[in-house]
Amino acid sequence: MSLNRFTLFGALLGAAIGLGSVTPVLAAEVELPHQNWSFEGPFGTYDKASAQRGFLVYQQVCSNCHSMKQAYYRNLAGIGLSDEQIKAIAAQVDVPTIGDDGQPTTRKGLPSDHFKAPYPNEKAARAAQGGALPPDQSVLIKAREGGPDYIYALLTGYTEPPAGVKMGEGMNYNKVMAGNQIAMAAPLSDGRVEYTDGTKPTLEQEARDVTTFLAYIANPEMEQRKRLGVRVMLFLAALTCVTYAVKRQIWSDVHH
Amino acid sequence: MVGLHKSEFKNPVINWVDTRLPLFTMMTKEYGVFPTPKNFNYFWNFGALAMINLMIMIVTGIFLAMNYNASTAGAFDSVERIVRDVNYGWLLRYVHANGASMFFIVVYIHMFRGLYYGSYKKPRELLWMIGVVILLLMMATAFMGYVLPWGQMSYWGATVITNLFSAIPVVGDYIVTLLWGGFSVDNPTLNRFFSLHYLMPFVITGVVFLHVVALHITGSNNPLGIEPKSSQDTLPFHPYYTIKDSVGMCVYLMVFAALVFFAPDYLGHADNYTPANPLVTPAHIVPEWYFLPFYAILRSVPSKLGGVIMMFGSIAILFVLPWLDTSPVRSAKFRPIYRQLMYVFVVVCITLGVAGGKPPEGIWVVIGRVCTAYYFLHFLVILPLLGKLEKPLPLPESIANPVLTPIGGGPLPGGAMAKPMEKM
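So the sequence lines, in the order shown, correspond to chains A and B.
Sequence positions in the first sequence follow the working numbering and run 1 to 256.
Sequence positions in the second sequence follow the working numbering and run 1001 to 1424.
By construction, these hints were calculated from the structure, which means they are not laboratory data.
Keep in mind that a hint or two might mislead.
Below, in silico cross-link-like pairs of lysine-lysine (DSSO-like), each with a Cα-Cα straight-line distance of 27 Å or less [unchecked claim]: (1) A:Lys87 - A:Lys116; (2) B:Lys1388 - A:Lys247; (3) A:Lys247 - B:Lys1304; (4) A:Lys247 - B:Lys1229; (5) A:Lys69 - A:Lys142.
Heads up, incomplete: computed chain B residues facing chain A, CB under 7 Å, no partners named [claimed, not checked]: (6) Trp1090; (7) Ile1243; (8) Val1255; (9) Ala1257; (10) Ala1270.
Note that beta-carbon positions come from the ideal geometry of N, C-alpha and C, so glycine has one too.
Isolated chain A, as found in the complex (with noise of 0.2 Å):
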């Protein structure tokens, strides 16, 4: 009875969260497949050799106009990357700083740099994209429901558009993207970038290898916090076993 009650109760709790959150997810027009990432579930991990080759898709085609300000060069530490590989990767980009002299100038990009912009400011950025503005990729994962699947869903989702559809001037059409218009060429195809490990680059496995990428860039704590998350739930576990044993134990004299 008194079971029924309690059961009755965390279940109409838990349909209460789960469909408010759904809610939004619902609300999205096309059904994402859902893609099999290695940091998915509570013990989930980068696929660091995946996210590498991620690495190089954001370095050769994303990031000639899209920016990752959150991040740093030092944060390339965590899918893998040797201090020595950073460092080098960081000295590629001359970074604006002022000179002994007062004078502006620029010196050599440092692993705490932050990642650089393709462009200075956002006019200059629409200035160069037709008027569209690329988003900062640092949390773009987050920042989209459906977050890995619908980065992988957009990346993949170019086709000619359906006829009868007008487009606008300087448009793609996506079947993902809301109102199938997008600014952004498809960046990505077959054979796109030149993987060193002897991947085969198609246009699936580089939207894979990004998107896991991404999914760094926007969590990085994530390896710690999942690690963290496993110790500390095991701990509860075992403290809530021998304080429910206490309770036992203590109420055992109370008559019902």
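Knowing the structure of chain A, use the given hints to seat chain B on it.
Here is chain B on its own, set in the frame of chain A:
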């Protein structure tokens, strides 16, 4: 010596302090030997859990504030910096963000428990009303806290909610300007919201103190809804309820930890990871899940002022609940019809929450309106009438002695005696 307390503590240091400031005596009286009904079920954990949650929010909030930058130019980046660069900053942020959701889960269950077992009835009316004040303060705090990361939902949520006040006749626009500190949601708004968001939890702490004081004057209600008659009906708070609350706390922490470590963004909204942009309106502006039922009520009324009145009315009505419910019997256990209607009411509240999260189109408008109407019907019509019409089941003589006596001490209805009291 006038005014000195006669302390019974043996330890000379404790005795010296206690004689001058009887904190130890007070703690022993209120949390040690405090006589507490022996028949609490686990729903009676949630008050203690809310207290723990409040402390978690204050502690994480203080450390977040050390690293947060309350300016429109820096807020979003500073939150990202907390997650990426501050030692265990991600933990602080995710505990604080999910802590808000946990706080509302705990407090809503605490309130439904109060509704089910009639904890708002004489002599606990004021205790209940103070609780409603805490709910209002929590809502204001949570709303302002959600604005601070300065994402798209922060900005547009703040715009929509502050604009509600413009519905107030004559002075509405002045109030909105005052809230904004200007003529739109902007830097001054963010600054004052941060200041108030830091202040409010301490106001809540003060009101929680009053809530606890009032509780310790009237004593707790219990699942049977009858007052303890003798020492046989009660147990000392410690160790019986300290340990029982600890069990609840462990389970609560597990739910909390599962959210924080494995799904920190599950209850949030993706749009809030896009920096605030006054020029781009999100497709659907929705508040956090815990406001959705009230949002549904707001949208159910075609007039703006009407919607605002109904929304605030849905909480204001709780203040007078002790006088709307005319039944002398507290616990739904002995009110067969009220008990069924209580389940209906819970379903209606949850449905309102679901409707509040949907775009206001088609069937959801109808569902929202029907549920809104029922919400008010429940308090304004059903409760006053039910108290007069419903025939309550016989109440047990005492908590310890489950012998049933009908109300007013009249002859026992046949079969009532045969039905043994259920054990909690």
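* Structure versus earlier hints - violations, ascending order -> 2, 3 and 8
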